[in-house]
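Here the protein sequences line up with chains A and B, keeping their order.
Everything in the first sequence is counted per full-length UniProt numbering, starting at 1 for the first residue and increasing by one.
Everything in the second sequence is counted per full-length UniProt numbering, starting at 1 for the first residue and increasing by one.
Worth double-checking, as some hints may not be accurate.
Taking lysine-lysine pairs in the PhoX-like style, the calculated list, with each CA pair at most 20 angstroms apart, reads [what the hints assert, rightly or not]: (1) 306(B) / 20(A); (2) 3(A) / 19(A); (3) 19(A) / 306(B); (4) 48(A) / 3(A); (5) 144(B) / 158(B); (6) 306(B) / 158(B); (7) 141(B) / 158(B); (8) 260(B) / 243(A); (9) 48(A) / 306(B); (10) 243(A) / 94(B).
No lab work stands behind these hints: they were computed from the structure.
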Amino acid sequence: MRKEIVIDADGLHYTPLNKKIRSAVQDGVSQIRIDNVLGQRFIADGLKGEVTITVNGIPGGDLGMFMSGPTVEVFGNCDHAPGNTMDAGEIIIHGSSGDATAHSMRGGMVMVRDDIGYRGGIHMKEYGEHRPVLVVGGNARAFLGEYMAGGLVIILGLQEKRVLPDRGIGSGIHGGEIFIRGDVPERLLGVGAKKAEATEEDKARIIPFIRQYAERFSVDPSRLIEDGYTRITPASGRPFANKYTWE
Amino acid sequence: MSLGSVPMKFKVRIDTDECMLCERCIENCPYGTYRLEGEKIHIDSRRCVACHRCVAMCPRDAITIEEKPIDYRSHPVWSREAREAIYNQARTGKIVLAGMGNAQDLPSIFDRLLLDACQVTNPSIDPLREPMELRTYLGKKPRKLDLHRNDKGDVLLKTTLAPNLRINTPIMIGHMSYGAISLNAQLSMARAVADQGTFMGTGEGGLHPSLRQYQDNMIVQVASGRFGVDIDYLERGAAIEIKIGQGAKPGIGGHLPGEKVGPDVSQTRMIPERSDAISPAPHHDIYSIEDLKQLVHSLKEATEWKKPIFVKIAAVHNVAAIASGIARSSADAVVIDGFRGGTGAAPRVFRDHVGIPIEAAIAAVDQKLRSQGIRNEISIIASGGIRDAADVTKAIALGADAIYIGTAALIAMGCRVCGTCYRGQCPWGIATQIPGLTKRLNPDVEWQHVANLFKGWTLEISELMGAAGINSIESLRGNRDRLRAYLLDEAMMNVLDVKPVGA
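So that you can see chain A by itself, here it is in the shape it has in the complex:
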């Protein structure tokens, strides 16, 4: 049986808010709805367990930081770094999110309907069965996937007027892969990144996520699946290997 509670976050500081969430999860609640969220940071920070949290409003920074397991669905925009150093679980954002979205994320998925800010997916990394995924329906700004060490970033670029991600894509990347719909000019790649047209085999890896996105946000997936993608990967697994000499 599913237990559900509703928390009114109006005027509530994030610490008592998180306390309520934690104690509800401890009591076995599997559905939490938080209404009137307005700028509370750190929602579900370090939260473990099997729970689905619906956030109605605009959460502050570091939503789901260090989170390990829960699903958070936000009906609104997010401030910076949702999914920061997250381990497992899902964050679904019905809107846009700020800088450093999915920063240092190690597992789980962050799915953003619209755009993300600068440094999206920066230093994402994978380990064992943990493989983080960042899916962005709109666009991303500069330094996307910088220092990326693992995981998967997908930029669908769904705006009416297609804008490419900004410069410095994948600078210092040494693991993982970035997919961007359409072509990406060489000049936008950061040092250490290389690009190629995604093969059918490559695309087979991202199509399940495209379908998830399309289903979640009621978009027709056919065009997104048919279109070509640019795959950006490390030019070398050792971007700094040739920079140093020993005394």
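Assemble the complex: chain A is given as a structure, and chain B must be docked to it using the hints.
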């Protein structure tokens, strides 16, 4: 231009009258300096790094190692190091990496500060007879205490106290990660700090399962690579340290080469085997002092405000203003790492030329926090080249609450400061992950050596305090009247707020 090889760094000789061809030197040298040729041990001196493993293991004291056996034509400007760096870079065109801490021959400020002792007018205290209070609490102290008296007449505390770390001696061990050093080295130090009632740092390498038995004495680290960081790791630590910078290489990131990432290191760092572990220069979620506050709060929130949060920075020019910002970020302690701080590897130009001495940094930070009335908000932990109990005592008199040692703890386990950590073949089993070498370091023996170092220094600090007529470390902290400067210039004395000798 033709570049020949540079002169050898060390010349190794074996006294054949003493040598009994036991071959221990051959077995012990991972660099291949020795090999048996017929009835004679052949020596390739160019392979020697002066780690002294062979010297320590030779049963006949037959080995001598001479440093720099061939002189360059002496010149005051063109030192050997300057010339050899140029030869190296002319060949490679790369950044020169070097091991250990700052190798410049700069004067030590600690050595030019002298401690006080009582004579006649004020009796010294005998630590044998009187208790000496060295216990220190690290973390926020309340500005004032709210008390109230209940019906029974008991006085109760109304103020909520922030979590503090209790240390029995003001000495802790700083952050050296599993990966940079071996698990046996970490295990030895962890057992020592647990025994002595103090703490050590994990470094940015995660917490190996076999260290969990000591987790109540371990400070976990969150650095820019976020390696090994998950909620379980944060919850295990007694405190959490955010590493912003490091004294040996302020302003730049870190880099553990893939060769050192074996199965176990991969597990604790949570990265694939053999992949490079690259820590970027900045934390990419901290681009301002407000962002730092956000990270401090996120760590506190994730661990339900139960743990002190430390922020470690390198001692740089504006360290006082930076520390003041950190004190306002709700962090509980600031760790300041001076320019003599050690490291496995750092670019030579950074190691030798970036950052400032820890002595000046402690005094400047303590002074700034006191002048702003926020010294109670944050503890000061000083590190970077602390060599003995006198350095610890002087650091505390300049305003530190406690200190971290690093290299000193490694020396207690056998390190000879050869500075070859980066080769990953440490013959003492410290800076290596090679099983044949790490097993040379037996935690059941070495923990005792580290613990002995703590005991020895703690006794010396007690004696120094007693001699100065001080019986509590709180009366020593920031007590610059117990210091005098010898051969320091006036500007430096002003920064340190210390009078010259005789004044």
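Going down the list of hints, with the structure as the test:
no., hint, in the structure
1, 306(B) / 20(A), "holds, 17 angstroms"
2, 3(A) / 19(A), "holds, 18 angstroms"
3, 19(A) / 306(B), "holds, 13 angstroms"
4, 48(A) / 3(A), "holds, 17 angstroms"
5, 144(B) / 158(B), "holds, 11 angstroms"
6, 306(B) / 158(B), "holds, 18 angstroms"
7, 141(B) / 158(B), "holds, 14 angstroms"
8, 260(B) / 243(A), "holds, 18 angstroms"
9, 48(A) / 306(B), "holds, 17 angstroms"
10, 243(A) / 94(B), "holds, 6 angstroms"
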